[in-house]
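Listed here are the chains, written in short residue letters.
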Amino acid sequence: MALLERSVMMMLQLKDVSKEFCSGKSRVKTLQDVNFEVNDGEIVAILGPSGCGKTTLLRIIAGLEQPSSGDVLLDGKRVEQPSPQFGMVFQEHALLPWLSVHRNVSIGLEMRGIPREEMRRSAMQYLSMVGLQESSERYPHELSGGMRQRVAVARALTLEPKLLLMDEPFSALDFQTRRQIQQDILQVQEKTGKAIIVVTHSIEEAIYLADRLVLLSSRPGMVREVLKIDLDRPRDRASPRFLKSLDYVLNCLNTSITTECGKAV
Amino acid sequence: MNRRILLKLMIPLTIIVLWEALATSIHNQFILPDIQSVLMVLLSPGTDIMGSGSLIENALMSLQRVGLGFLVATCLAVPLGVAMGRLEPLKAALDGMVSALRPVPPLAWVPLALAWLKIGLASIVFIIALGAFFPVLLNTMQGVRGVKKNWIEAITMMGAKEHDLMIRVILPAAAPEIWTGMRIGFGIAWMCVVAAEMLPGTNTGLGYLIMYAYSWGQVQVVIAGMIAIGIIGIGIDRFFVTVERRWLSWRGL
Numbered sequence: 001m002a003l004l005e006r007s008v009m010m011m012l013q014l015k016d017v018s019k020e021f022c023s024g025k026s027r028v029k030t031l032q033d034v035n036f037e038v039n040d041g042e043i044v045a046i047l048g049p050s051g052c053g054k055t056t057l058l059r060i061i062a063g064l065e066q067p068s069s070g071d072v073l074l075d076g077k078r079v080e081q082p083s084p085q086f087g088m089v090f091q092e093h094a095l096l097p098w099l100s101v102h103r104n105v106s107i108g109l110e111m112r113g114i115p116r117e118e119m120r121r122s123a124m125q126y127l128s129m130v131g132l133q134e135s136s137e138r139y140p141h142e143l144s145g146g147m148r149q150r151v152a153v154a155r156a157l158t159l160e161p162k163l164l165l166m167d168e169p170f171s172a173l174d175f176q177t178r179r180q181i182q183q184d185i186l187q188v189q190e191k192t193g194k195a196i197i198v199v200t201h202s203i204e205e206a207i208y209l210a211d212r213l214v215l216l217s218s219r220p221g222m223v224r225e226v227l228k229i230d231l232d233r234p235r236d237r238a239s240p241r242f243l244k245s246l247d248y249v250l251n252c253l254n255t256s257i258t259t260e261c262g263k264a265v
Numbered sequence: 001m002n003r004r005i006l007l008k009l010m011i012p013l014t015i016i017v018l019w020e021a022l023a024t025s026i027h028n029q030f031i032l033p034d035i036q037s038v039l040m041v042l043l044s045p046g047t048d049i050m051g052s053g054s055l056i057e058n059a060l061m062s063l064q065r066v067g068l069g070f071l072v073a074t075c076l077a078v079p080l081g082v083a084m085g086r087l088e089p090l091k092a093a094l095d096g097m098v099s100a101l102r103p104v105p106p107l108a109w110v111p112l113a114l115a116w117l118k119i120g121l122a123s124i125v126f127i128i129a130l131g132a133f134f135p136v137l138l139n140t141m142q143g144v145r146g147v148k149k150n151w152i153e154a155i156t157m158m159g160a161k162e163h164d165l166m167i168r169v170i171l172p173a174a175a176p177e178i179w180t181g182m183r184i185g186f187g188i189a190w191m192c193v194v195a196a197e198m199l200p201g202t203n204t205g206l207g208y209l210i211m212y213a214y215s216w217g218q219v220q221v222v223i224a225g226m227i228a229i230g231i232i233g234i235g236i237d238r239f240f241v242t243v244e245r246r247w248l249s250w251r252g253l
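If you read the protein sequences in the order shown, they are chains U and R. For the first sequence, position 121 (counting from the first letter as 1) is numbered 121 according to our numbering, and the numbering increases by one without interruption. For the second sequence, position 33 (counting from the first letter as 1) is numbered 33 according to our numbering, and the numbering increases by one without interruption.
It is possible that some hints are incorrect.
[Said to hold, decoys possible] What follows is a set of in silico ranges between Cβ atoms, one per label pair, in the way DEER data are often shown: (1) U:K25 <-> R:R246: 49 to 59 Å; (2) R:R246 <-> U:D232: 51 to 61 Å; (3) U:N35 <-> R:P103: 57 to 67 Å; (4) R:L112 <-> U:R112: 50 to 60 Å; (5) R:P105 <-> U:P49: 49 to 59 Å; (6) R:A93 <-> U:R112: 29 to 39 Å; (7) R:R246 <-> U:N35: 53 to 63 Å; (8) U:R241 <-> R:K161: 48 to 58 Å; (9) U:G113 <-> R:W247: 24 to 34 Å.
For the record, the hints were derived by calculation from the structure and aren't laboratory data. Beta carbons are placed, not taken as given, at the ideal position from N, Cα and C, and that holds for glycine.
If we strip away everything but chain U, and leave its shape as in the complex, we get (with noise of 0.2 Å):
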């Protein structure tokens, strides 16, 4: 019982993360006690101006970089080292040119000695939930931006990891795309119940795909505020209320940093 209550209530913490870097003499500091928490099955967004180190804290989150102080605790513990309780989705799709779509898919379960059969039927499995079971065969160099970010998350997802992160994952799609691929998202985490968190810079792609946004202040980054979006699934871009949360977010992110913005959305 107790065991079954621990895997539903995964949560991720952040305690007073800081990072500072040097650079030539000086200490830079990019962010400044940063806290927040996600739980399972949620959709975070990080949302802040460029510069205010937000994929920094995504990088730390995986466990690319070490905090200067601070914690990241998963389920209470520690994270000190990139792990697959991680699932990592780059903002170039971070694919190997060389392997197919499918053993790209499927390089994770390579590596841990899943047998053969079991790895194609897995690598299909997520390749189909984001729609591309036709192009396993194919190679990166002929898929579209849209269908390699897809790959990039058919292959996060193999290892069955925590937490999917995503550093700013469609900034370089076109509008269309992009679009599409965010409902795409939603989808899979529909499916599987991962929780997500999203680096972002576009205000209106944090408030579409989000259950709460991180709000960070620019350098150093501190978190200014966590929004919480009631809004129903899906999200109509065009609705009063989206309209109002995003002059609300947009007017948050203009303020300095001193002024409070207000509370209700």
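Chain U is fixed; fit chain R onto it per the hints.
Showing chain R alone in chain U's frame:
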């Protein structure tokens, strides 16, 4: 298409015509033999040339030596290059040494090679290996350093250990550049073997054949030998290019 072939043939045809004209006017087999005599040597590559073996036998001998030297060079340079590309301190420690040794022509090592390894196969292999070593080393290092951080991180996120990274990301990602290094290295090694065979103490190989024929005034054999060296060089280079196009072409995409 026809035009291109014509363009390609224009220079060789001009040379042949000029050659023939010059050979006829000089009329001295010791300076410039006529084309027919050179062709005769080339078209019967299996016949013995003045007791020093046939063109084919000597070419095979040279190829064997260059293959051996190239193998030694590759086996040393690829691992070292990977290590230098992966470990910044090692690179920092060896960089100076590499840049100092690289410009020394392999043939400048001949006296030392003879002193250390005596006349014979070992010193020839040593000279060839030196020639092939640096291009393979530098290209390997560059290839490994050029592996996208993204790729490494993506695989690391999936729980890859260093050996997984090496086999699944670093080596395949660097393979096109390593292959290019090997191609350049083999070209240099081929030049070195011919030069090394001209040294005293060797009595086989295309380099030897050329020097031997020259000392007997057989200039048509000298020229035939040079042409054979060129043709084999092209052939090997084609092989490297073909493999690159077939298996390593993802780089250009």
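For which of the previously enumerated hints does the structure constitute a violation, in increasing order of number? No numbers; nothing is violated.
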